Structures are given as structure tokens and as C-alpha cells.
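**Q** Per the working numbering, residue 2 is the first one in the sequence shown, and the count goes up by one each step.
Treat the hints with care, as some may be off.
What the hints assert, rightly or not - Distance windows between CB atoms, simulated:
{"no.": "1", "residue 1": "159", "residue 2": "230", "range": "47 to 57 Å"}
{"no.": "2", "residue 1": "48", "residue 2": "134", "range": "34 to 44 Å"}
{"no.": "3", "residue 1": "71", "residue 2": "155", "range": "35 to 45 Å"}
Hints in this document: simulated from the structure, not taken from any laboratory. These figures come from a predicted structure and were not determined experimentally. The beta-carbon is built from N, C-alpha and C at its ideal position, and this holds for glycine as well.
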Amino acid sequence: SGLTASTPYYFRVRAINASGSGQYSATSSAVSTLANQATLAISSGASKTYGTDLALTTSGGSGSGAVSYAVTTAGDGGCSISSAVLSSSGNAGTSCGVTATKASDSTYGQAVSAEQTVTVVKADQATLSISSSATKAFGTDLTLTATGGSSGGVVTYAVSSASDAGCSITGDQLSTTGNVGTTCAVTATMAGNTNYNTVDSTPQTVTVVAVVPAAPTGVLGNPGDAQVSLNWSAPTDDGGSAIPGYLVEVG
2 SGLTASTPYY FRVRAINASG SGQYSATSSA VSTLANQATL AISSGASKTY
52 GTDLALTTSG GSGSGAVSYA VTTAGDGGCS ISSAVLSSSG NAGTSCGVTA
102 TKASDSTYGQ AVSAEQTVTV VKADQATLSI SSSATKAFGT DLTLTATGGS
152 SGGVVTYAVS SASDAGCSIT GDQLSTTGNV GTTCAVTATM AGNTNYNTVD
202 STPQTVTVVA VVPAAPTGVL GNPGDAQVSL NWSAPTDDGG SAIPGYLVEV
252 G
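Could you put together the complete structure from these sequences and hints?
**A** Here is the structure:
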């Protein structure tokens, strides 16, 4: 032991007993071999998120040899490797096989890992947010809208906290039965698809606010001595807020 690998050595042997040493044997030669490396394994995981690259890593091996990677089973993942980074063009659920190789050095021979199957998995969508107003006019419906997401899937809405506004949703229309100042919370959901998971928005609190009242009805002027006496009926819709007075415009 202790010899330099890949170096030729020459040997001869003689026997020794109580009377002394015998003659040497004929000379023999041999070249010492490189040692086996410790087991090399790919440690970067068996899944890769759709739309992102996977940095490949290894554990094990021996010596100072460089590590390289190769796609050894193409599969349906459309995989390629550049500078120890695995890319793929396949959809979620597709896969490919990858192998690592640690080169030999002056002491250890080359080591090759077992093949690692890497499967593409669904990605999380970008943040989804409700973009419609956080206030809803009393007596009218609010059209709900959302921004963000990644799948381009159908967006649906739900009342996540009924509170005291008496909210309900039909399609993208938010209705309420509560008075001004009442609230409810609404959440949007964008459906997933082959490559993306479903995503929910954070709840949006919607507050019912007052609007201007409707016009008074039955306005009637009764003429008098240099004056007119006016009579009218209160608006049929007060806009959700009590009417403390009226403004009369004279033209």
C-alpha cells in the first residue's frame, strides 16, 4: 500500500530462513490502480417546479475530480443541462433521468451516480388580488374584478365572511341587504390548470356607503302675496342615509 496510482512498479522477492537469504526471484512489474470513490448520489431532489430551473447538487464521492451532469433518459420532460442547472420544456407530470459523474484524480477513479428521475410538478400562481372597490354604493350592485394569477383560468368569487352586510354574489356581481356602514369580506379564486395550482386572493373587506338621494317627487308651488309656498314628497330612495334637510333653488 501507499503506492502512487497509475505508476509502474517492479518487484522481486527472495526467501529468508535461519541460514540467510536465498536468491531473488525473477523481476515482475505491475501498475497500481486508482481507488474507488465513495458512493456518489444526486442530492438536489426528485422534483422540479414548472417554469423554474433546478440547480443540481451531489453528495458523496472522493477526491478532487470535477462533477458533471447529463440527461441519461430523455423521457417526456424536454430536459437539458447547462452549468449544473436543469431546465425543462415539458408540462407538469413529465420527467427525465439525470446522472452525475465525478472525474478521477491522481488517487481515485471516476464515479458515476445512480440515475435520478426528476419529475416536473405544478407551480404556484402569482399573487391574485381583488382590484374592485372596497366600497359598495347602497342600493346598487358592485362588479367584482381581480388581477394577478398565472393560469389564465376562470376567476370565481365567494363571500368569505358574511358579517352584517347581508352579502351575496351572483357571477361577478356583489349584492347587499345591509345598511350603510355594514361590511362583508369577499375572496377571489383563479382555477389551476395542467401546470399551475389553484390560487386564492386574500379577503377584501367591502363596506356599504351612502349615495346621494333621489330627487323629491310631487314638487308643487302655491303662489301667494310676493311669495310661493312649496310642497313636495320625500325621495323614494334616501341613498342609505337620513335626509336632514333640503336645498331649494330659485330661478
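**Q** Are the hints correct? Go through all of them and say.
**A** Comparing the hints with the structure gives:
no.	hint	result
1	159 to 230: 47 to 57 Å	holds, 55 Å
2	48 to 134: 34 to 44 Å	holds, 41 Å
3	71 to 155: 35 to 45 Å	holds, 42 Å
Violation of the numbered hints given earlier is absent; every hint is satisfied by the structure.
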